[in-house]
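Undergrad: For the sequence shown, the numbering used here begins at 1 and goes up steadily by one.
It is possible that some hints are incorrect.
Said to hold, decoys possible - Here are the simulated lysine-lysine pairs, DSSO-like style, with alpha carbons at most 27 Å apart:
| hint | residue 1 | residue 2 |
| --- | --- | --- |
| 1 | K126 | K99 |
| 2 | K135 | K58 |
| 3 | K135 | K32 |
| 4 | K60 | K89 |
| 5 | K32 | K58 |
In case anyone wonders, no lab produced these hints; they're calculated from the structure.
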Amino acid sequence: MQKIFFGLIILNNFLFCGDIFLEVENINQECKILKIGLYNSKDGFPNIAKAYKGVDIKAKSPKITHTFTEIPNGSYALALFCDENQNKKLDTNFVGIPKEAYGFSNNPKVFGMPSFEDARFELKDKINLNIEVQK
Numbered sequence: 001m002q003k004i005f006f007g008l009i010i011l012n013n014f015l016f017c018g019d020i021f022l023e024v025e026n027i028n029q030e031c032k033i034l035k036i037g038l039y040n041s042k043d044g045f046p047n048i049a050k051a052y053k054g055v056d057i058k059a060k061s062p063k064i065t066h067t068f069t070e071i072p073n074g075s076y077a078l079a080l081f082c083d084e085n086q087n088k089k090l091d092t093n094f095v096g097i098p099k100e101a102y103g104f105s106n107n108p109k110v111f112g113m114p115s116f117e118d119a120r121f122e123l124k125d126k127i128n129l130n131i132e133v134q135k
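Start from the sequences, fold in the hints, and give me the full structure.
TA: In structure tokens:
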């Protein structure tokens, strides 16, 4: 009976998960590491250190792709930035404007930092996203 129960849990997780296929464009030459955070709630968004899932990718070209696999279906948002000086944080000027390139899912055009709702998307099995890096 226990084996059946655990088997159903594993099957349930597999059936209700999806993949996020991400394409990031417009990466500048100064970008050493592209830090990407996937968020499943507004808590911590867009702090990369507080992401549900995160990945660091060496930026070797103006366009990269990455796939987040087996992510439970639901609401998510993505935030990313180019860590040009490799200090593991998004550098800003004295008024909080980013000095390093950044981007968000949905490519929101807002004044200031977008909210989780601005960048939110729904994952149902699979989704293709394109993010344009901004400076």
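Undergrad: Does each hint fit the structure? Answer for all of them.
TA: Do the hints match the structure? See the list:
1. For the suggested pair K126 and K99, the alpha carbons sit about 33 Å apart, so the restraint of at most 27 Å is broken.
2. Only pairs whose Cα atoms come within 27 Å are accepted, and K135 paired with K58 is accepted, the gap being roughly 18 Å.
3. Distance hint between K135 and K32 is fulfilled; the C-alpha atoms sit about 15 Å from each other, no more than 27 Å.
4. Among the hinted pairs, K60 with K89 is consistent with the structure: their alpha-carbon atoms are about 19 Å apart, no more than 27 Å.
5. Pair hint K32 plus K58 holds up; C-alpha atoms about 6 Å apart against a cutoff of 27 Å.
Comparing the model with each numbered hint stated earlier shows that hint 1 is the single one that does not hold.
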